[in-house]
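Number of protein chains: 2
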Amino acid sequence: MEFYQLRSFVTIAHENHLTRAAEKLHISQPAVSAHIKALEEELGQPLFVRSATGMRLTPAGKKLCRQAEVILYEAKEFARIGKDLLDRPVGTVRIGLNRNAEFLRISDLYRQLRCCGPDIEIVLHQSISGTIIHLVETGELDCGFILGDCESEELRSLTLAGFHLRIVGPVALEKEIAGADLAMLADLPWIGIPDDCPYSRIMERYFYSCGLQPKTEVVADQQAAIVSMIQSGVGLNFMLEKEALQAEKLGHVALWPGEGFPIALSFVWRAKESDTPLTKAVLGAMRATWQG
Amino acid sequence: MEFYQLRSFVTIAHENHLTRAAEKLHISQPAVSAHIKALEEELGQPLFVRSATGMRLTPAGKKLCRQAEVILYEAKEFARIGKDLLDRPVGTVRIGLNRNAEFLRISDLYRQLRCCGPDIEIVLHQSISGTIIHLVETGELDCGFILGDCESEELRSLTLAGFHLRIVGPVALEKEIAGADLAMLADLPWIGIPDDCPYSRIMERYFYSCGLQPKTEVVADQQAAIVSMIQSGVGLNFMLEKEALQAEKLGHVALWPGEGFPIALSFVWRAKESDTPLTKAVLGAMRATWQG
DNA sequence: ACGCAGGCATCAGAAATGCTGATGAGAGTC
DNA sequence: GACTCTCATCAGCATTTCTGATGCCTGCGT
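In the order they appear, the protein sequences are chains A and B. Here the first sequence is numbered in the numbering used here, starting from 1 and rising by one per residue. Here the second sequence is numbered in the numbering used here, starting from 1 and rising by one per residue.
Be aware that a few hints might be false.
The list cannot tell twin chains apart, which means a pair is met if one copy fits it or any two copies do.
As the list claims (entries may be wrong) - DSS-like, lysine-lysine: derived pairs with alpha carbons at most 25 angstroms apart:
id	residue 1	residue 2
1	K62	K215
2	K76	K63
3	K62	K280
4	K272	K62
5	K83	K63
6	K280	K83
7	K24	K76
8	K76	K62
Keep in mind that the hints were calculated from the coordinates and are not lab data.
Full structure from sequences and hints, please.
Below is the structure:
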């Protein structure tokens with residue numbers, strides 16, 4: 001049984017006429033005749049009653065014709081679905097978040113993606129910039145947000161927005177922090193960040209350029225944990241300026257008065273997936289959300 | 001798009017492995033590879049992600065695979081339906097009845113047919129033997145019951161049961177009928193039957209063999225009409241012995257005391273349809289009903 | 001009654017297509 | 001770094017399918 005045989009079958013049934021069906025199908029009459037002959041041999045029974053005026057379905061043919069139409073319909077559906085998938089990407093996007101979803105405008109992203117492809121599923125994973133880069137490289141995530149530059153060869157990045165980082169510490173250290181210079185700050189207890197994190201490299205660059213190395217006593221790999229540890233008096237670290245000012249106003253942290261330094265929020269993904277429809281859709285939604 | 005391509009597609013998707021799929025399908029690995037290549041070209045997008053360890057569906061491939069499975073399922077259904085139709089005939093049987101449905105055991109026939117083929121539709125048509133033969137010959141009926149022999153070349157017949165015909169007439173003629181011999185009967189008024197009816201030929205044979213020709217005043221072509229006319233005094237005719245005895249007991253007719261003569265109830269159908277599944281099914285049901 | 005026209009089936013040759021076995025490139029594994 | 005396993009590719013063969021010509025049958029009109 002082949003598709004062209006079913007097409008001939010259904011067309012003849014519709015026309016009650018083999019020759020007319022052949023014309024409609026743009027193939028020769030003997031070809032159509034052979035299709036039906038093959039089908040009838042395969043099924044072991046005639047599908048049509050031949051007469052001098054044309055062909056009429058047998059009762060069995062009538063039943064089988066209905067099923068043949070179902071098959072051809074589903075085949076058309078197959079092609080239609082395939083065509084749809086060319087425009088509307090499908091699949092699961094696993095996104096690494098280095099801040100909370102609200103800050104990263106995830107609900108806007110959701111909305112953007114929903115309208116360009118209803119079959120995109122989004123999985124979110126909370127982490128910190130360095131870990132996110134690592135997970136995207138190994139394929140455990142498809143893309144993610146990071147603060148700072150990404151130097152990986154395997155990844156591409158899109159800069160979404162610029163921010164400033166400020167140094168904050170526990171309220172208990174308010175006086176030490178307020179009057180400190182960079183060297184004194186480096187002497188206070190710091191909350192460490194995993195080495196492979198661009199965030200961490202910024203911190204290093206900031207102090208190393210002055211020949212300083214802050215003392216780290218605890219290492220944390222989740223932004224929420226860092227903030228929580230600053231508040232509970234463990235040590236100093238960075239916060240985005242806006243967050244820092246707000247936390248200071250609420251009396252949760254002590255803000256170092258020295259000026260902040262700029263840092264970019266970027267979105268990263270695997271270079272070799274730059275041309276997949278899904279990646280394109282996500283990047284499009286990302287641009288609409290952050291640059292629109 | 002061809003069935004074998006879809007089969008390869010689905011099998012690879014199931015195995016996550018092209019070579020294994022080829023083995024399972026009993027075709028060569030390059031063949032399966034070509035199938036997928038053709039499908040991917042037709043759809044304009046990859047269905048699988050190739051790796052050194054095998055193949056994995058792309059998100060689009062996953063969606064299309066489900067539809068491919070639907071198509072293959074419907075194709076299997078097509079074959080299954082075809083196979084079923086070999087055993088279980090379908091279609092409409094138009095049956096001519098020369099007596100009421102109860103006498104001809106139509107409800108038994110229904111039951112028999114229902115169990116051997118649920119898709120058989122039965123259409124009943126009341127008439128008289130001669131007309132039934134004619135309608136079966138012209139194709140307006142598929143088969144029918146007749147009393148007497150069928151001499152048509154185009155038809156075949158199956159004898160179902162033997163009966164006896166008795167001569168009956170109006171109660172008003174009771175005395176004339178009771179004492180009559182064959183010649184006197186022929187002189188009484190008769191209800192005629194159309195010439196081409198085997199029933200009619202029997203009547204002719206019965207009288208002609210003695211050189212007699214009964215007078216017919218009215219011709220009827222429905223058994224119920226004949227009985228009704230006998231009762232209302234129009235003339236004489238035959239009734240099946242059982243019917244005749246009962247009608248006499250009820251005082252509806254006068255029964256001629258001479259002996260009845262045998263007549264067969266037969267079932268006729270077109271010879272050239274003897275081998276169709278539907279005809280076979282009907283004949284099988286008929287045998288079970290009348291000879292079982 | 002007979003020829004004609006229009007049905008579908010059949011046939012042989014040409015064209016197209018699918019299949020196979022050998023081979024190659026690339027990625028994991030030991 | 002050699003080995004092995006993946007899938008892709010290629011050339012040649014085998015098969016299938018298509019076409020155009022032809023034949024047979026039936027219904028219709030003269």
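Comparing the hints with the structure gives:
For a Cα distance limit of 25 angstroms, the shortest separation of K62 from K215 qualifies neither inside one copy, at 85 angstroms, nor across copies, at 52 angstroms. Within a single copy, K76 and K63 get their C-alpha atoms as close as 21 angstroms, and across copies as close as 14 angstroms, so both meet the 25 angstroms cut-off. With identical chains, the CA atoms of K62 and K280 are at most 25 angstroms apart between copies only, with a shortest distance of 19 angstroms across copies and 48 angstroms within one. Within a single copy, K272 and K62 get their C-alpha atoms only as close as 53 angstroms, which misses the 25 angstroms cut-off; across copies the closest is 21 angstroms, which meets it.
Taking the shortest Cα distances, K83 and K63 sit within 25 angstroms of each other only across copies (12 angstroms), while inside one copy they are farther apart (31 angstroms). Taking CA atoms no more than 25 angstroms apart as the test, K280 paired with K83 passes inside one copy only; the shortest distance there is 17 angstroms, against 49 angstroms between copies. Taking the shortest Cα distances, K24 and K76 sit within 25 angstroms of each other inside one copy (18 angstroms), while across copies they are farther apart (27 angstroms). In this assembly of identical chains, K76 and K62 lie within 25 angstroms of each other by CA distance both inside one copy and across copies; the values are 21 angstroms within and 17 angstroms between.
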